[in-house]
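Protein chains: 4
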Amino acid sequence: MTEGFHYARRVHFYETDLAGVVHFSCYFRYMEEAEHALWRAAGMSIDSAGAEVGWPRIATAFEYQSPLRFEDEFEIVVRVKAATKKTLEYGFTFARGATVIGTGTLTVACASRSNGRMRGIAVPADVVERLRAAANQKP
Amino acid sequence: MTEGFHYARRVHFYETDLAGVVHFSCYFRYMEEAEHALWRAAGMSIDSAGAEVGWPRIATAFEYQSPLRFEDEFEIVVRVKAATKKTLEYGFTFARGATVIGTGTLTVACASRSNGRMRGIAVPADVVERLRAAANQKP
Amino acid sequence: MTEGFHYARRVHFYETDLAGVVHFSCYFRYMEEAEHALWRAAGMSIDSAGAEVGWPRIATAFEYQSPLRFEDEFEIVVRVKAATKKTLEYGFTFARGATVIGTGTLTVACASRSNGRMRGIAVPADVVERLRAAANQKP
Amino acid sequence: MTEGFHYARRVHFYETDLAGVVHFSCYFRYMEEAEHALWRAAGMSIDSAGAEVGWPRIATAFEYQSPLRFEDEFEIVVRVKAATKKTLEYGFTFARGATVIGTGTLTVACASRSNGRMRGIAVPADVVERLRAAANQKP
Chain A
1 MTEGFHYARR VHFYETDLAG VVHFSCYFRY MEEAEHALWR AAGMSIDSAG
51 AEVGWPRIAT AFEYQSPLRF EDEFEIVVRV KAATKKTLEY GFTFARGATV
101 IGTGTLTVAC ASRSNGRMRG IAVPADVVER LRAAANQKP
Chain B
1 MTEGFHYARR VHFYETDLAG VVHFSCYFRY MEEAEHALWR AAGMSIDSAG
51 AEVGWPRIAT AFEYQSPLRF EDEFEIVVRV KAATKKTLEY GFTFARGATV
101 IGTGTLTVAC ASRSNGRMRG IAVPADVVER LRAAANQKP
Chain C
1 MTEGFHYARR VHFYETDLAG VVHFSCYFRY MEEAEHALWR AAGMSIDSAG
51 AEVGWPRIAT AFEYQSPLRF EDEFEIVVRV KAATKKTLEY GFTFARGATV
101 IGTGTLTVAC ASRSNGRMRG IAVPADVVER LRAAANQKP
Chain D
1 MTEGFHYARR VHFYETDLAG VVHFSCYFRY MEEAEHALWR AAGMSIDSAG
51 AEVGWPRIAT AFEYQSPLRF EDEFEIVVRV KAATKKTLEY GFTFARGATV
101 IGTGTLTVAC ASRSNGRMRG IAVPADVVER LRAAANQKP
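These protein sequence lines map, in sequence, to chains A, B, C and D. Start counting the first sequence at 1; every next residue gets the next number (our numbering). Start counting the second sequence at 1; every next residue gets the next number (our numbering). Start counting the third sequence at 1; every next residue gets the next number (our numbering). Start counting the fourth sequence at 1; every next residue gets the next number (our numbering).
Be a bit skeptical, because a hint or two may be false.
Remember, identical chains collapse to one label, so a pair may be satisfied in a single copy or spanning two.
Here are the simulated EDC-like cross-link-like pairs (lysine to aspartate or glutamate), alpha carbons at most 20 Å apart as the crow flies [stated by the list, open to error]:
| id | residue 1 | residue 2 |
| --- | --- | --- |
| 1 | 138 | 71 |
| 2 | 85 | 3 |
| 3 | 81 | 3 |
| 4 | 138 | 47 |
| 5 | 85 | 75 |
| 6 | 81 | 71 |
| 7 | 86 | 63 |
| 8 | 81 | 63 |
| 9 | 86 | 75 |
| 10 | 86 | 71 |
| 11 | 85 | 63 |
| 12 | 85 | 126 |
| 13 | 138 | 72 |
| 14 | 138 | 33 |
| 15 | 138 | 73 |
| 16 | 138 | 52 |
| 17 | 85 | 33 |
| 18 | 81 | 33 |
| 19 | 138 | 89 |
| 20 | 86 | 72 |
| 21 | 85 | 73 |
| 22 | 86 | 73 |
| 23 | 138 | 63 |
Think of the hints as simulated: they come from the structure by calculation, not from any bench.
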């Protein structure tokens with residue numbers, strides 16, 4: 001079984017621009033959707049009501065290979081690419097059938113909310129384990 | 001001097017869709033931008049840090065007459081169209097030069113936030129007065 | 001069997017705003033998603049490649065009753081509410097379980113694209129029939 | 001005079017998310033706004049009506065240092081960071097007063113549209129010169 005959690009999506013009309021293709025900013029929204037679907041697959045939610053822990057974005061990037069168009073059905077494969085004490089990095093591959101659409105990364109920090117401020121804290125060990133398990137990654 | 005506060009805007013690329021025009025949902029974002037600019041013109045912010053009062057949306061509508069395209073410069077005229085004890089209704093007219101783009105309305109309630117719940121409260125009298133003054137409306 | 005085509009959706013993170021609820025402009029995107037899902041259920045696409053016919057928006061409105069929050073699962077019921085020679089009006093009801101979220105309408109015109117201009121034309125009779133059939137509406 | 005074209009922006013309400021800060025995907029829209037403002041400052045539009053040349057996105061990235069909040073006023077400095085025969089790379093720095101918000105890059109290709117397909121072509125020499133001049137960059 002290959003690594004990665006699979007998230008399926010269809011392109012909405014409002015995600016296209018005057019060039020007739022999905023606007024490049026939407027790919028970051030798609031990556032986040034896949035991230036959150038991975039959390040749900042791992043039996044968690046990235047933002048439960050009253051949660052004291054948040055996951056602010058530190059860095060992200062995307063490389064575009066082939067465009068997406070209205071009503072295209074495509075698939076995102078997401079996995080935990082790296083983890084440090086206080087950060088997680090996800091890797092993403094987008095494809096429509098056999099056509100690679102592009103690849104991206106998203107690095108997030110683990111932070112504790114108190115008094116409206118975010119403070120970096122250690123990523124809970126079980127979060128990484130559960131996400132990796134949901135993405136078919138070896139322990 | 002005619003009634004209404006004037007808010008100027010240029011169309012961004014990502015607001016267009018594959019039909020080459022601004023997506024119809026963006027007009028609601030434009031109306032809200034004009035609403036908040038009116039609040040600033042009245043010396044207020046609709047969401048100050050730690051504010052206990054919010055303005056949830058109750059109803060909104062838009063009628064489209066002529067499309068907007070990439071980099072079009074247009075103007076929104078906003079005014080307080082009606083006020084009840086607990087609600088405010090704004091009226092909007094969009095134009096690009098002499099061309100009417102469309103007209104819209106937005107009705108908001110005044111609500112108090114406590115324990116994460118919103119409860120309808122009376123609209124503070126000075127808010128209506130200040131907004132109407134900023135929109136050149138007679139007292 | 002009650003009237004209406006059912007479209008299921010889960011709220012994405014980027015659809016929420018600082019008030020912790022789905023931004024009011026997103027409901028118009030949701031209505032359009034349901035419209036296009038109805039077209040697909042009727043065996044059509046609202047924008048096939050090279051299509052000469054488009055469906056510009058004429059008017060739309062929404063009344064908000066209860067907010068949607070991150071990861072809420074909700075359902076939209078869409079049906080053809082009215083049809084004239086050159087326009088179609090859809091009606092929408094949003095619900096999360098037994099909770100009504102709100103109701104909306106969307107009126108579109110049928111238009112022919114030629115030389116970059118849109119010209120109003122008669123709605124093809126079979127389009128109305130097929131949409132109504134897909135929405136379980138009597139002929 | 002330091003390098004870079006300056007683009008000023010205020011955060012809109014609908015750009016925030018439930019964490020109370022601007023959603024990370026919006027930074028890519030902001031970068032594109034600054035890119036297009038640079039083009040206008042150079043006396044050009046990136047998408048004139050009937051244009052045969054387009055600028056599809058090849059790669060983009062952003063590193064987040066400090067969040068943006070509702071109604072924050074910030075400034076983007078954009079410049080041409082690199083140019084190859086067929087691509088352009090822009091560099092961006094975001095700041096709110098003395099606070100660095102983050103930095104980003106955007107690489108675009110020059111492409112010719114024909115029959116609905118995009119084909120990579122050489123970047124017109126005067127485009128690079130004009131953009132660099134508008135960004136106060138040495139020839």
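Intra- versus inter-copy proximity for residue 71 and residue 86 (alpha-carbon distance at most 20 Å):
neither (38 Å within a copy, 25 Å between copies)
Checking an output row: residue 138 and residue 89, CA cutoff 20 Å. Within, between, both or neither?
within (16 Å within a copy, 38 Å between copies)
From the Cα coordinates, with 20 Å as the cut-off, is the pair residue 85 and residue 126 best called within, between, both, or neither?
within (13 Å within a copy, 49 Å between copies)
Measure nothing new, just compare the shortest in-copy and cross-copy C-alpha distances for residue 85 and residue 73 to 20 Å and report within, between, both or neither.
Neither, since 36 Å and 34 Å both go past 20 Å.
Status of residue 63 relative to residue 81 across identical chains (alpha carbons, at most 20 Å):
both (16 Å within a copy, 18 Å between copies)
Identical-chain pair category, residue 138 with residue 52, by Cα at 20 Å:
Answer is neither: 29 Å inside a copy and 48 Å across each miss the 20 Å cutoff.
What label fits residue 85 with residue 33 when the C-alpha limit is 20 Å: within, between, both, or neither?
neither (24 Å within a copy, 36 Å between copies)
Have a look at residue 81 and residue 3 and pick one of within, between, both or neither, based on CA distance no larger than 20 Å.
within (11 Å within a copy, 36 Å between copies)
From the Cα coordinates, with 20 Å as the cut-off, is the pair residue 138 and residue 47 best called within, between, both, or neither?
For residue 138 and residue 47, neither the intra-copy (26 Å) nor the inter-copy (44 Å) Cα distance is at most 20 Å.
At most 20 Å between C-alpha atoms: does residue 81 with residue 71 qualify within a copy, between copies, both, or neither?
neither (29 Å within a copy, 25 Å between copies)
Up to 20 Å CA-CA - residue 72 versus residue 86, copy category
neither (37 Å within a copy, 28 Å between copies)
Using 20 Å as the alpha-carbon threshold, which applies to residue 86 and residue 73: within, between, both, or neither?
neither (35 Å within a copy, 30 Å between copies)
Going down the numbered hints, you'll see the structure goes against 1, 2, 4, 5, 6, 9, 10, 13, 14, 15, 16, 17, 20, 21, 22, 23, while the others check out.
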